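Visitor: Take these sequences, add in the hints, and give me the full structure.
Read top to bottom, the protein sequences are chains Z and E.
Sequential numbering from 1 applies to the first sequence in this note's numbering.
Sequential numbering from 1 applies to the second sequence in this note's numbering.
By construction, these hints were calculated from the structure, which means they are not laboratory data.
Each hint should be verified, as a subset may be incorrect.
One copy or two, either will do: identical chains are not told apart, so a pair holds if it fits within one copy or between any two.
Straight-line alpha carbon distances no greater than 27 Å define the calculated BS3-like cross-link-like pairs of lysine-lysine that follow [as the list claims (entries may be wrong)]:
id, residue 1, residue 2
1, Lys88, Lys224
2, Lys280, Lys137
3, Lys59, Lys280
4, Lys234, Lys341
5, Lys59, Lys21
6, Lys224, Lys121
7, Lys44, Lys17
8, Lys363, Lys269
9, Lys22, Lys88
10, Lys224, Lys119
11, Lys128, Lys284
12, Lys234, Lys268
13, Lys119, Lys88
14, Lys88, Lys121
15, Lys222, Lys119
16, Lys121, Lys222
17, Lys142, Lys119
18, Lys37, Lys346
19, Lys44, Lys363
20, Lys37, Lys363
21, Lys119, Lys17
22, Lys341, Lys37
23, Lys268, Lys17
If you're wondering where the values come from, they're calculated on a predicted model, not measured in any experiment.
For reference, the chains in residue letters:
Number of protein chains: 2
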Amino acid sequence: MNTIIYLDNASTTPTDKRVIKKMLPFFSENFANPATKWTSSLSKLVDEEVEQARLNIAKLLGADPDEIFFTSGGTESDNTALKGIAFKHHDRGNEIISIPIEHEAVLKSLETLEGFGFKIKFARVDSKGFVDPEEIKRLITKKTILVSIMHANNEIGTIEPIEEIGKICRERDIYFHTDAVQTVGHIPINVKSFNVDLLSLSAHKFYGPKGVGAIYVRKGVKVKPFMDGGGQEKGIRSGTLNTTGIIGLGEAARLASEEMEQTESDVKKMRDLLWDKIQKQIPKVYLNGAEIDSRLSNNLNIIIKGIRNEPLLVALNERGVIAGGGSACAAGSKYPSHVLKSIGVKDNDIFGALRITIGKFNKIEYVDYVVQSLNEIVNSLRDLSPFWEGE
Amino acid sequence: MNTIIYLDNASTTPTDKRVIKKMLPFFSENFANPATKWTSSLSKLVDEEVEQARLNIAKLLGADPDEIFFTSGGTESDNTALKGIAFKHHDRGNEIISIPIEHEAVLKSLETLEGFGFKIKFARVDSKGFVDPEEIKRLITKKTILVSIMHANNEIGTIEPIEEIGKICRERDIYFHTDAVQTVGHIPINVKSFNVDLLSLSAHKFYGPKGVGAIYVRKGVKVKPFMDGGGQEKGIRSGTLNTTGIIGLGEAARLASEEMEQTESDVKKMRDLLWDKIQKQIPKVYLNGAEIDSRLSNNLNIIIKGIRNEPLLVALNERGVIAGGGSACAAGSKYPSHVLKSIGVKDNDIFGALRITIGKFNKIEYVDYVVQSLNEIVNSLRDLSPFWEGE
Chain Z
1 MNTIIYLDNA
11 STTPTDKRVI
21 KKMLPFFSEN
31 FANPATKWTS
41 SLSKLVDEEV
51 EQARLNIAKL
61 LGADPDEIFF
71 TSGGTESDNT
81 ALKGIAFKHH
91 DRGNEIISIP
101 IEHEAVLKSL
111 ETLEGFGFKI
121 KFARVDSKGF
131 VDPEEIKRLI
141 TKKTILVSIM
151 HANNEIGTIE
161 PIEEIGKICR
171 ERDIYFHTDA
181 VQTVGHIPIN
191 VKSFNVDLLS
201 LSAHKFYGPK
211 GVGAIYVRKG
221 VKVKPFMDGG
231 GQEKGIRSGT
241 LNTTGIIGLG
251 EAARLASEEM
261 EQTESDVKKM
271 RDLLWDKIQK
281 QIPKVYLNGA
291 EIDSRLSNNL
301 NIIIKGIRNE
311 PLLVALNERG
321 VIAGGGSACA
331 AGSKYPSHVL
341 KSIGVKDNDI
351 FGALRITIGK
361 FNKIEYVDYV
371 VQSLNEIVNS
381 LRDLSPFWEG
391 E
Chain E
1 MNTIIYLDNA
11 STTPTDKRVI
21 KKMLPFFSEN
31 FANPATKWTS
41 SLSKLVDEEV
51 EQARLNIAKL
61 LGADPDEIFF
71 TSGGTESDNT
81 ALKGIAFKHH
91 DRGNEIISIP
101 IEHEAVLKSL
111 ETLEGFGFKI
121 KFARVDSKGF
131 VDPEEIKRLI
141 TKKTILVSIM
151 HANNEIGTIE
161 PIEEIGKICR
171 ERDIYFHTDA
181 VQTVGHIPIN
191 VKSFNVDLLS
201 LSAHKFYGPK
211 GVGAIYVRKG
221 VKVKPFMDGG
231 GQEKGIRSGT
241 LNTTGIIGLG
251 EAARLASEEM
261 EQTESDVKKM
271 RDLLWDKIQK
281 QIPKVYLNGA
291 EIDSRLSNNL
301 NIIIKGIRNE
311 PLLVALNERG
321 VIAGGGSACA
331 AGSKYPSHVL
341 KSIGVKDNDI
351 FGALRITIGK
361 FNKIEYVDYV
371 VQSLNEIVNS
381 LRDLSPFWEG
391 E
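Guide: Quick look at the structure:
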């Protein structure tokens, strides 16, 4: 089979061709720097498209355009949110609450803040990856300035109870950030009903280009700029605007607004069929994280007993099927996934975790081929495995 | 005239069409995340191109590929260099030396560091924008950990004596960073003969795409990561790699290595002709910064006595000529250029500063049209100006 069946869409997605088409004229024709819009018509033209992109994202999030600031991606947005709030509001307190299954962009930023004297408190998550809003409530003290809880987990797809947590934070006048990198463009988001103050998103997770993202900062919320410089983006994010990337992100947002419902329904259908067939054909396979219907509809994260995921992924790749182990950002790491560890999966099982994440360009016709390949590979790996004791 | 004559190439440049061609397959065909190269052939393929880009940049700088780290641009590289060294080596001392005509990405990062207890010392620059290495030497104390001096100034094109300063720093075991955003791809650079430990560059200043840059970090030099997260780029810069941007940057570097000499000779010829004709046709015009032959060959920064640059730029734009006032990053600002102020230009004159920066796509045939347009506009503005007292 020559076709590549790409089932690692939580890691990154191909850029939609309509997005590329929209971006193309801004590389070498309408290439000007929007900063000089007051004196250059070429810059003015680019600026108008940048503002249209901002509007498209605002619409997708139920925000106002002037609450959207462009960044280089989800990681930068997370850094901006956490460090921006912490360093701006440290006089109000030094405690930050989060959960252990956050993306590394959040966890490592918190680690840095710890080095600057902030105290990080982690709320437990249950075996499905859910945090209990009541526990957040219990951890809050007078010194708490920020709560950061991801919208949905990148490895296991668990969708956290953001609205309830948002309400708790808002009532107590505590800033609330959510890393929505896995959900923006995939499921409906409304920053107002979520009661979030800051939200991170990344273009390449929903068919936009890599190297661009945005952060929502609620009107009136002050952050210390993370990226210092020329004062672009109202001083919140300096650096020449990545106009092509931003315009691509805007187009991806527009397409998501229009097509999300249909896309996600197709994606869910394929994911469900895949899971159904895997369960029927391969023995001793277990779902990690939330029940199949209360997780992101593109996500399947499973333990295949008795095998390691590296040879599995390599063998799948040889058959044209690309899937993932854990987070792509931690790929090649010798450490077991911190997410699976946090929900209580044993180390030996973690190394056998397989993440399959469906995207809108996947074809449901390939499900049988994928399951058959998986089955054959699992059988041969189990035959060789010292960890496999049979059914 | 329908053609746009773009003379603001220090602000940004159009992406070379060969660069776009190189990038295109990496948006939606070879789109995978290089982080998963161990298990995915699609990722491996992208990773190889990313490493080729790294090699191309290393070659352009006389560096080793493993000393090059990709960022979102010059601003991020500057932030990474300054904050990375300061927060990593604060136990060795808290003093940093720089000059007042640095780009805002450096100045504002230093301001942030000042808030964290670092002491910033500025060496004076002379009326042409040059810093005297002897003054750097005098400012150095046992507490000095970092010197940051730009390679060439973005407004006036003055090229600083980097090699001498590098030597002074290396002898004293003090880290030395240079912001080379205006010079990489334009004039020869060798990080070894420059004795620099860190160097910032940006793709869109030399016909690469916006939203991507790199930082050179000399082998063995430790920095605290600025962008925290998944640990990409050996932990120095987290975040999913902007593969299309990086591959574009690599291609721009390759083209620059091959064509720089010819390009810069053409650019200089056009700049010199322009300046010659302006001087002959327009009275009371003065050069800001270094002599015409000891500045960047693409740069012309002039004071046109008796006028303000905003109406001048608007009128030029109406005739299809796009030029700049000061730095694009500070465009629209009500404050006079900090660069021109630092070299002693009077406020009234600063507001009349015109920056013309030539690029490789400019055509020398248009020089007469540009000078004629400028002359006519200057005459009509001077007729109306309360500041103009005649020759």
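Visitor: Go through the copies and call it for Lys59 and Lys21: within, between, both or neither, with a Cα cutoff of 27 Å.
Guide: Classified as within; 22 Å inside a copy, 33 Å across copies.
Visitor: 27 Å Cα cut-off: does Lys224 pair with Lys121 within a copy, between copies, both or neither?
Guide: both (22 Å within a copy, 23 Å between copies)
Visitor: Between copies, within a copy, both or neither: which fits Lys88 and Lys121 at Cα up to 27 Å?
Guide: Classified as both; 19 Å inside a copy, 25 Å across copies.
Visitor: For Lys88 and Lys224, with the copy left unspecified, which applies at a CA distance of at most 27 Å: within, between, both, or neither?
Guide: both (5 Å within a copy, 21 Å between copies)
Visitor: At 27 Å max between alpha carbons, let me know whether Lys128 reaches Lys284 within a copy, between copies, both or neither.
Guide: So Lys128 and Lys284 pass the 27 Å test inside one copy only (18 Å; across, 75 Å).
Visitor: For Lys119 and Lys17, with the copy left unspecified, which applies at a CA distance of at most 27 Å: within, between, both, or neither?
Guide: Cα proximity of Lys119 and Lys17: none, with 45 Å in one copy and 50 Å across.
Visitor: Is the C-alpha distance from Lys234 to Lys341 at most 27 Å within one copy, between copies, in both cases, or in neither?
Guide: Between copies, since 24 Å is at most 27 Å while 41 Å is not.
Visitor: Within a copy, between copies, both or neither: which one fits Lys224 and Lys119 at a CA-CA cutoff of 27 Å?
Guide: This pair counts as both: shortest intra-copy Cα distance 19 Å, inter-copy 20 Å.
Visitor: Since the copies are identical, ignore which copy is meant and state whether Lys22 and Lys88 lie within 27 Å (CA to CA) inside a copy, between copies, both or neither.
Guide: neither (37 Å within a copy, 42 Å between copies)
Visitor: Checking an output row: Lys44 and Lys17, CA cutoff 27 Å. Within, between, both or neither?
Guide: For Lys44 and Lys17, the Cα distance is within 27 Å both inside one copy (26 Å) and across copies (23 Å).
Visitor: How would you classify Lys363 and Lys269 at a CA-CA limit of 27 Å: within, between, both, or neither?
Guide: Answer is within: at 11 Å inside a copy they meet the 27 Å cutoff, but 57 Å across does not.
Visitor: Go through the copies and call it for Lys142 and Lys119: within, between, both or neither, with a Cα cutoff of 27 Å.
Guide: within (13 Å within a copy, 33 Å between copies)
Of the numbered hints listed earlier, those contradicted by the structure are 2, 3, 9, 12 and 21.
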